[in-house]
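Q: These are the residues of each chain, in order.
Number of protein chains: 2
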Amino acid sequence: MSVDLGYDLEQLDERGRSLLFTEARTANSFADIPVSDDELQGIWDLARWSPSGANAQPLRALFIRTQDGRERLAPHMMETNGDKVLAAPALAILAYDGRFYEQFPTTFPDRAEMYFQHFSSMPEDVVKDMAEYNAALQSGVFLMAVRAQGLAAGPMGGFDRAGVDAEFFAGTTWKSHLVVTIGHPGDNPWFDRLPRVPAETALAWG
Amino acid sequence: MSVDLGYDLEQLDERGRSLLFTEARTANSFADIPVSDDELQGIWDLARWSPSGANAQPLRALFIRTQDGRERLAPHMMETNGDKVLAAPALAILAYDGRFYEQFPTTFPDRAEMYFQHFSSMPEDVVKDMAEYNAALQSGVFLMAVRAQGLAAGPMGGFDRAGVDAEFFAGTTWKSHLVVTIGHPGDNPWFDRLPRVPAETALAWG
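Top to bottom, those sequences are chains A and B. Start counting the first sequence at 5; every next residue gets the next number (this note's numbering). Start counting the second sequence at 5; every next residue gets the next number (this note's numbering).
I should point out that these hints are in silico values taken from the structure, not numbers from a laboratory. Each hint should be verified, as a subset may be incorrect.
The list cannot tell twin chains apart, which means a pair is met if one copy fits it or any two copies do.
Straight line, CA to CA, 35 Å or less: simulated DSBU-like cross-link-like pairs of lysine-lysine [said to hold, decoys possible]: (1) K88 x K179; (2) K132 x K179; (3) K88 x K132.
Required output: the full structure, derived from the provided sequences and hints.
A: Here you go:
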């Protein structure tokens, strides 16, 4: 089911604001409740609507919910992140596809040829930067989608990207950039919230 | 008001899913309704809760709602994006602060000294990449926060970053990376939605 919003938009209600923004946080422990493939697919069914530059959608996700997958991933994590991987009911390894421009016949049919020429002839490091930037923006939306599914997300950037890519993405054009634990919160799951940069530092007005 | 979620999380309801994900899109036109400073501050009051690596929160925002601001920004936009800037009730120039590590006494008090040493001694390009990656992830959350405020967001990466930085951020450590139009949707505001990368291309399972 979807709701036609017409021209009028409304504000998200307080429960939604708490769930996604004001009370949301990384879970410190997960309940012993499996995360189903339907739940993981449901995260993607929301996250895939994220905007991205030229609608290029470079974000890719490998969902891991097997013990074998956890054990292959854990050694590439920094410090205590390996334990978090082993204890997570499910995980997503978020990647970007450096060949996102091959998807333009699907993602931007009217400009597919123009965009393919434009991006496929760019220097490789420029294409990589664009792919990673847009995948990071989509990853922010992905984390909100995990929360919208009623699940807790634990994003971790501290891992050996090259090691993960060799382990999981050899022979593909996917490059890892974020690992996310996913599950139902367990006992005493929440750390105190860390402070935010004050508005007078983070904002300017013009 | 905030709602204590306790240990139990619930799914976002259908109205919230439509507003933020499944029916949300970039507005093609804006109504002649001003966006108040309170509304813009309200966006930030949600967006600031985004997760970020080491809680570093490198995202910064310059909110523009004056004609002078629009006219200073428009010449730096590519192609038709300049017209979009001039027609927008309000805008945000999203930036990252390359000196985010100076905020650790606020953002991570228990590890402030360790993190400051760690990040301030990194090569400049590594620090820049980390700042831009995390600011991009926070920008995804920022766009969802615009929608949660009942406003439409139009993100644009097509502009001359160096020109914008010289115009607005000279003498600071802020670097622009995204321009976002913000307003109430106008007449006939929605383009047809562009297709998404199919799940069989975007997802893998392990």
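Q: Does each hint fit the structure? Answer for all of them.
A: Each hint tested on the structure:
1. For the homomeric pair K88 and K179, the shortest alpha-carbon distances inside one copy (21 Å) and between copies (34 Å) are both at most 35 Å.
2. Within a single copy, K132 and K179 get their C-alpha atoms as close as 10 Å, and across copies as close as 19 Å, so both meet the 35 Å cut-off.
3. In this assembly of identical chains, the alpha carbons of K88 and K132 lie at most 35 Å apart whether taken from the same copy (29 Å) or from different copies (27 Å).
In summary, the structure agrees with every hint in the numbered list given earlier.
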